[in-house]
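Engineer: Chains as they are written, first to last, in the working numbering: chain A, 184 to 614; chain B, 827 to 1161.
FYI, nobody ran anything at the bench for these hints, they're computed from the structure.
Treat the hints with care, since some could be wrong.
[Said to hold, decoys possible] Sample of chain A residues with no beta-carbon within 12 Å of chain B, all distances over it, derived:
1) 215
2) 227
3) 235
4) 534
5) 553
[As the list claims (entries may be wrong)] Example chain A residues on the side facing chain B (calculated, C-beta under 7 Å, incomplete):
6) 505
7) 508
8) 509
[Said to hold, decoys possible] Taking CB as the label site, the calculated pair distances span:
9) B/950 x A/571: 44 to 50 Å
10) B/1081 x A/484: 34 to 40 Å
11) A/570 x B/1151: 53 to 59 Å
12) B/879 x A/477: 55 to 61 Å
13) B/1158 x A/286: 56 to 62 Å
In this text, all values refer to a predicted model and were calculated from it rather than measured experimentally.
Virtual Cβ for every residue (Gly too), placed ideally from N, Cα, C.
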Amino acid sequence: MSEQQTTVRIIHGRLLDAEHDGSVTASLLLQGGHIAAIGAEAELGDVDRVIDASGCLVSPGFIDLNCNLREPGNGQKGNIASETLAAARGGFSTVCASPATSPVNDSSAVTNLISDVAETQSPIRVLPLGAATRGLEGELLSDMAGLSRAGCVALSNAGAQMRNSRILRRCMAYARTFDLTLMLAPVNQALAADGYAHDGLVTSRLGLLGIPEVAETTAVMELLLLAEETGVRLHLNQLSCGRSVAMVADAQKRGVAVTADVAMHQLLFTEDALAGFDSRFHVRPPLRTEADRQGLLAGVRDGVIGAIVSQHQPHDSAAKQAPLGATEPGLSTVESVLSMGLELVNDGELSLQQLVSSLTYGPAGVLGETSALRVGQRADLCIFDPDASWQADDSSLVSIGKHAPVRHCPLKGVVRHTLCAGNEAWGPGGD
Amino acid sequence: MTAHDPSSHSLQLTSSGQLKHFLTLDGLERALLTDILDTADSFIEVGERTIKKVPLLRGKTVVNLFFESSTRTRSTFELAAKRLSADVLNLDISTSATSKGESLSDTLLNLEAMASDMFVVRHSQSGAPHFIAESVTPGVAIINAGDGRHAHPTQAMLDMLTIRQHKGGFEGLKVAIVGDILHSRVARSQIRALNALGAEEVRVIAPGTLLPRDVESLGCTVEYDMIRGMRDLDVVIMLRLQKERMEGALLPSEREFYRLYGLSQDKLALARPDCLVMHPGPINRGVEIESAVADGPQSVILNQVTNGIAVRMAVMSMAMSGQVSERTQAVGEQG
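Using the sequences and the hints, build the whole thing.
Structural biologist: Structure below.
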């Protein structure tokens, strides 16, 4: 880790957050891990370090609500040190660590282990997510209050479905007791069954096992109705269907406390990515149709979907070296999220501000925090050059997972510095 | 943003459009399919000779890599390779390496070390031959002998050969495929072949539980009612129904299925009088088809078996020659 920088001045950068659209160049002064001044005031006095952000945008550090660090238990796929450094490279200053580890993070002992390792090995902030049910099995409640006390910021079932609606309802009612956020990925497992691709044109042609749209939409409807009844704060993970967005929008209008996220790759790719049996694009939920992609993008633009996540799932190469249906789901994305997002901006599908808000302000809100370039905020920052390019391949990727969605083509958007509480987590002066 | 797509087209054809693997009929043009049928026709004569051999694959090693057991398909591939004078190695992987935990990639590395020239692959996973074709050393040809629900291109081509022998061509033909389309790699390849070769109509006849989503997008019309579906047919292809389809609530009973979708003499009488009856086999008498129909004058089920050897000889020799010419070209470019 880099040594504590007591004072840092960032000069010549263009400010970008929910309130700044990237057109104004201003200096920032960081002191004691916080933003101490912005603008003319930030240019006064001596500092320990000056970062020249010429040509770059300066935004709050990105916050990932859904990242798999694989530790404890899956060292061949990743570990806290490797994957948090990869996240820092991607511009993230905070990641929420999925409870799907081995053992599962369903006890304060595992939470403490993750926090202890992160304390010494992670350049960025790691916020553990607790398992909503024991062993993520969807049957017995976890010690939610204990997990929360140990530092879990929310409870998640890591994509696994509850055994039945009664358990789901009780899980919500119990989480509500402690005002805990419940993060659930909507899936009706009976309908998803053994599927691994969107049930549609590509699965029909290639004879793949499909996951129908209704495997998600029926689950969204159930989750929304139960959340409304129990009053729990519900966050829906990884929407993949346009119709889900409409249902969430409707619930939000009724005043249901529901937020949602989408994985960045869902905004760029469709079922067509599987046309050549490319096992990298075996993801869960599956990539769906162009109409779904458009529905998800509209959801991000309208704010119905407040957060874009990496859904980073690093794997060892063997996990993807098999016929499509025999591979493990997930992409290694955390280093490419910004570049994928800039592609959307370039194509006019999102504005730069919508992109950055969905990576900062939106996810911060889900965690009950704020994220903005304001005096007094934590000095978690991402300084990136939107026009510089890089290439994702085995040697350039920091993550142990090399199955990035776009490989060997130049990608726009290079993170020059990621700062976490004023310390350099990624950049020439960091690791 | 589009994903890197090594499409079937570039994967199985050389730069000059010759076959180098045979993975799927998707992306293959009518001219190439006709070429396969013509080549197969020329090999039928070989089977009628006293010495049933041609030296096209002499000195080559063909490995039958069957991850799923199949007696008929494997033995016709074996016979085809032997008639082309290749050395043949039969590996029944379902009972060897993978059951000891060896990954498919590792199995392949070991087989390549034996300097094989061609793998004939059957696998329960859709896309397995694509995966193998992408990972083997250049120069080794991959022939798909059936992968999951995806494709069974040699079966479809031998069916096309049978149809052409009896009907002279495909123009104006109305062909129905009846039964379990959802799980059928044969049906997917047949629909593709019939469309590419210019059949007038491909009709699938099945209950909703045995049809893939958006099945029309494959290039066919859908008929739930077999009585209506039999009208004007020139060819009816019956698919095998697996017994386990009763278990997952796909069908209530064999009896009901046979009553609604089994090919009886009554139903056959609704088609054109010269309508061919086909079945990729092995047949379930009394489940998909009435014995009298299977053994009747319109049935060409046994011709299909004979044609299987000729089509496989055609595809194997064409793919091997594609590999050789690509390698020659590569060497030429280096020199």
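Engineer: Now look at each hint and say whether the structure bears it out.
Structural biologist: Each hint, compared with the structure:
1. 215: holds, 41 Å
2. 227: The assertion about residue 227 of chain A holds, with a minimum of 44 Å to chain B.
3. 235: At roughly 31 Å from the nearest Cβ of chain B, residue 235 of chain A sits farther out than 12 Å, so the non-interface label holds.
4. 534: Answer for residue 534 of chain A: holds, closest chain B Cβ roughly 18 Å.
5. 553: Non-interface label on residue 553 of chain A holds, nearest chain B Cβ at 32 Å vs cutoff 12 Å.
6. 505: Where the cut-off is 7 Å and the nearest Cβ of chain B is about 6 Å from residue 505 of chain A, the hint holds.
7. 508: holds, 5 Å
8. 509: holds, 5 Å
9. B/950 x A/571: 44 to 50 Å: Distance hint for residue 950 of chain B, residue 571 of chain A holds at roughly 46 Å.
10. B/1081 x A/484: 34 to 40 Å: The hint (34 to 40 Å, Cβ to Cβ) is violated, given that residue 1081 of chain B and residue 484 of chain A are roughly 55 Å apart.
11. A/570 x B/1151: 53 to 59 Å: 45 Å Cβ-Cβ, so the 53 to 59 Å window is violated.
12. B/879 x A/477: 55 to 61 Å: holds, 59 Å
13. B/1158 x A/286: 56 to 62 Å: holds, 59 Å
Violated hints, listed in ascending order, are 10 and 11; each of the other numbered hints is respected by the structure.
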